[in-house]
Amino acid sequence: MKSGLVTLTDRGLYCRQGDFYIDPWKPVKRAVLTHAHADHTYRGNEDYLVPAEGERLSRIRLGDEAKISTQKYGEIGLFNGVKVSFHPAGHVLGSSQVRVEFKGEIWVVSGDYKLMPDETCAPFEPIKCHHFITEATFGLPIYRWQPTKFVFSEINSWWRRNQEKGKASVIFAYSLGKSQRVMNGIDRSIGRIFTHGAVERLTDAYRESGVDMPETQYVGSVGNKRDFSGSLIVAPPSAQASTWLRRFGSHSTGFASGWMMVRGARRQRAVDRGFVLSDHADWPELLRAIQMSEAETVYVTHGFIEEVVRWLNENGQNAVPLKTQFIGDDAEEEIVNTGEHE
Amino acid sequence: MKLFTELYVELDQTNKTNEKIEAMRFYFDQADARDAAWAFYFLSGRKPRQIIPSKKLREWAIELAGIPEWLYLESRDTVGDSAETIALLLPNNTTVDETPLHILVEQRLLPLRTSAEEIQRTEVFAAWSQMNYSQRLVYNKLISGSFRIGVSQQLVVRALSQISELPADIITHRAMGDWEPTSEFFSHLIDPAMDSDETPIARPFPFHLAHQMDFAPADLGQTSEWQAEWKWDGIRAQVIKRKEEVFVWSRGEDLITERFPEIAAAAAQLPNGSVLDGEILPWKDGRVLPFTELQKRIGRKNLSAKILAEVPVILQCYDLMEFEGRDIRTFDFKTRREFLEKLVNNLRPEARQVLNVTESVAGASWNDLGIAREKSRVLGVEGFMLKRLESPYRTGRHRGDWWKWKIDPLTIDAVLIYAQKGTGKRANLFTDYTFAVWKGIDLVPFAKAYSGLTDAEIRKVDRYVRDNTIETFGPVRSVTPKLVFEIAFEALQRSTRHKSGVAVRFPRILRWRDDKTIEQADSLDTIYEMLDAFQNPVNVSK
Numbered sequence: 004m005k006s007g008l009v010t011l012t013d014r015g016l017y018c019r020q021g022d023f024y025i026d027p028w029k030p031v032k033r034a035v036l037t038h039a040h041a042d043h044t045y046r047g048n049e050d051y052l053v054p055a056e057g058e059r060l061s062r063i064r065l066g067d068e069a070k071i072s073t074q075k076y077g078e079i080g081l082f083n084g085v086k087v088s089f090h091p092a093g094h095v096l097g098s099s100q101v102r103v104e105f106k107g108e109i110w111v112v113s114g115d116y117k118l119m120p121d122e123t124c125a126p127f128e129p130i131k132c133h134h135f136i137t138e139a140t141f142g143l144p145i146y147r148w149q150p151t152k153f154v155f156s157e158i159n160s161w162w163r164r165n166q167e168k169g170k171a172s173v174i175f176a177y178s179l180g181k182s183q184r185v186m187n188g189i190d191r192s193i194g195r196i197f198t199h200g201a202v203e204r205l206t207d208a209y210r211e212s213g214v215d216m217p218e219t220q221y222v223g224s225v226g227n228k229r230d231f232s233g234s235l236i237v238a239p240p241s242a243q244a245s246t247w248l249r250r251f252g253s254h255s256t257g258f259a260s261g262w263m264m265v266r267g268a269r270r271q272r273a274v275d276r277g278f279v280l281s282d283h284a285d286w287p288e289l290l291r292a293i294q295m296s297e298a299e300t301v302y303v304t305h306g307f308i309e310e311v312v313r314w315l316n317e318n319g320q321n322a323v324p325l326k327t328q329f330i331g332d333d334a335e336e337e338i339v340n341t342g343e344h345e
Numbered sequence: 003m004k005l006f007t008e009l010y011v012e013l014d015q016t017n018k019t020n021e022k023i024e025a026m027r028f029y030f031d032q033a034d035a036r037d038a039a040w041a042f043y044f045l046s047g048r049k050p051r052q053i054i055p056s057k058k059l060r061e062w063a064i065e066l067a068g069i070p071e072w073l074y075l076e077s078r079d080t081v082g083d084s085a086e087t088i089a090l091l092l093p094n095n096t097t098v099d100e101t102p103l104h105i106l107v108e109q110r111l112l113p114l115r116t117s118a119e120e121i122q123r124t125e126v127f128a129a130w131s132q133m134n135y136s137q138r139l140v141y142n143k144l145i146s147g148s149f150r151i152g153v154s155q156q157l158v159v160r161a162l163s164q165i166s167e168l169p170a171d172i173i174t175h176r177a178m179g180d181w182e183p184t185s186e187f188f189s190h191l192i193d194p195a196m197d198s199d200e201t202p203i204a205r206p207f208p209f210h211l212a213h214q215m216d217f218a219p220a221d222l223g224q225t226s227e228w229q230a231e232w233k234w235d236g237i238r239a240q241v242i243k244r245k246e247e248v249f250v251w252s253r254g255e256d257l258i259t260e261r262f263p264e265i266a267a268a269a270a271q272l273p274n275g276s277v278l279d280g281e282i283l284p285w286k287d288g289r290v291l292p293f294t295e296l297q298k299r300i301g302r303k304n305l306s307a308k309i310l311a312e313v314p315v316i317l318q319c320y321d322l323m324e325f326e327g328r329d330i331r332t333f334d335f336k337t338r339r340e341f342l343e344k345l346v347n348n349l350r351p352e353a354r355q356v357l358n359v360t361e362s363v364a365g366a367s368w369n370d371l372g373i374a375r376e377k378s379r380v381l382g383v384e385g386f387m388l389k390r391l392e393s394p395y396r397t398g399r400h401r402g403d404w405w406k407w408k409i410d411p412l413t414i415d416a417v418l419i420y421a422q423k424g425t426g427k428r429a430n431l432f433t434d435y436t437f438a439v440w441k442g443i444d445l446v447p448f449a450k451a452y453s454g455l456t457d458a459e460i461r462k463v464d465r466y467v468r469d470n471t472i473e474t475f476g477p478v479r480s481v482t483p484k485l486v487f488e489i490a491f492e493a494l495q496r497s498t499r500h501k502s503g504v505a506v507r508f509p510r511i512l513r514w515r516d517d518k519t520i521e522q523a524d525s526l527d528t529i530y531e532m533l534d535a536f537q538n539p540v541n542v543s544k
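Sequence lines, in order, name chains A and B. Per our numbering, the very first residue in the first sequence carries number 4; after that it's consecutive. Per our numbering, the very first residue in the second sequence carries number 3; after that it's consecutive.
Worth flagging that the hints you see were computed from the coordinates, not collected in a lab. Take every hint as true, because none was put in to throw you off.
Chain A side only, calculated, beta carbon under 10 Å to chain B, not exhaustive:
hint, residue
1, Ala268
2, Glu310
3, Trp314
Calculated pairs, DSS-like style, for lysine-lysine (alpha carbon to alpha carbon, straight line, at most 25 Å):
hint, chain 1, residue 1, chain 2, residue 2
4, A, Lys168, B, Lys18
5, B, Lys18, A, Lys170
6, B, Lys462, A, Lys326
7, B, Lys484, A, Lys326
8, B, Lys49, B, Lys303
A virtual CB, placed ideally from N, CA and C, is assigned to each residue, including glycine.
I would like the entire structure built from these sequences, with the hints used as guidance.
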């Protein structure tokens, strides 16, 4: 891909012709961001271009000082003759694929994406291109998601059962995206919903962006004497190891993540329940997205890279690995939450 | 198997003891006795031998999933469990198999072992097509002989004890040894009428298990209230002589009589109605041999005259539970020990060569005993067992009467050079490590260790391995030597099978020495010095 329109440098994916980077991990002049997750949104760049639908989230992540311009889904921006547009990736609110076109050559940097319907963000839009850069977070055939409805009925009945026993239900979910998807989809008639500080702020941003969110209360605002039994508490996974949990008294813990597909991963987390709810494509979705792109070459970044590349090559698709510094599903907790503890 | 699968899922989903007991109570309340018998059988850790080799199951799953073998293997390495991998890979199915557990096991599982492959295949495919994900998981585990669930037998017994209102010790005893999982068995297991017990002659008593001492010995009070014995590192065994028959049981409740003909022959000399507790040890010229010698015998079905001569065994006896046909577990230890000595002293000399009452080490103070304990490594023992003279023979693990007073392990600073993904809870994390020490300017592998790090440390090492892989050999990765760990182990032995020339017993990670560079790791010379220090043959027999 060295000679292509988009190349991999030690700062990130770079378009020389348009002189911009996509999701750079080291400071650059102009950064085009796919979405606001921590491994795609680094501070310290001079200029940012983000999808308008995710502006509020990017602002929270980048701070008040950052120079952010926005562009709506489908609108075309021009950078030295290079056409740049954002298209929904279905990952989290405002998440985008970045389409880059110059002299008829089309590249799509898909960022993180999923195909499954999600009420909290616009659905994934398949785009035909010559070069498709895909993630591979869950790029093994063992990862096949159940319909969302089924997962939510599991979460609801877990919450109800805990409530009957007078227990609080603490669900761990990444603070950006997953938390809001959980709250949007859960049966809000069951009981009160409380949030961890990291979650509350982003939930407000979702609300302000017009996404349907239930009424929530920030745990930090209700005092330690409060009785949480029967309530649902939404917190980032990093809160699990902290003394923060003590205030909830008798409680059951759950974790909403694609990793919960595997029992060993759930046991590593030492949670009572794992709910298989992912904002990334599962194996069939990955293959379908790649197929729909009709790309000549597929570049595979973060996740099960070698496995997806080998599968594609054995099935008549030209695919190569691409060693980016994107992390995938654990990035949020590793990077962001270190500073967000209460 | 619907109810049983639900139980499995419930037990698998919680770490909380009370919830596990509740789930089992619910199950045993609902289940038919024929199903409950099998459930108890599986939950208490028993399992039928493998019915279909995992390799066959894998082939069939690959065929149904339509994936190449390499992708199956990658998936399995990520999942860390073959039965689960297969359940995840099979095409989705939401129907539920309603076959009762005992029918499934007795009619659809067990007979398959001897069926032709074509029939096995048809039956397994049919089962998979009827079952949902969780049922397939349980089925795969049963059929491949890998069924395990996170409850101890003790916990299962507690649940049954709550249902039946019988003391747990009674149920534990009734469940010892060999039995068939029939409805009669299960009904008897929880039968509140206690006099109805006619003990089968082979049935062992539950073992009394010791705790590791986690405080200073002086906290135990006067030494005069205690007996100190050497803590042997062999196979814990219970030897029964009843009605002219001898049974030797391992702690895992395997009948091992035929594996140790010397012990069976000596035990045949005991009077009927004798049950002894002790440790089987490889023993030659008045000295215990390394445990690895015993391992040479354990695996074998046929014991040649050669191996019997090379690795003879004895039983270091240390307790007596039945004397003259009477259960004496409630008698105090001092009395039981006197009976034991009397019993063994009455044997003919050749039997006394094999059944030896273990030495009681005298010490006027804890300090004296502490000094005596220093000899442990030279004697080839792990330290002392301290037993309260007034104590009864208890059921299971019990705090307070038996203590392991082990010597500190040997330690070495070694360098991480290879890593492999773990299984089960450690699936998809690099948790299985090979450590090396210096031999001149080379690092030579010296020990493998799996445990000892915290979850946070495991994640860090995992990330290090992923970022610093040099080469990949199948599941194993070689990594840039950089991380140093302190490795603890119990014993050392010369070995021609190991590159380093030594084999270690129970290696584990004591801590991560991130304060050390690889140049500061130990060398083989240090290990050879340790070896020399502890290999002086010293007689321990009287």
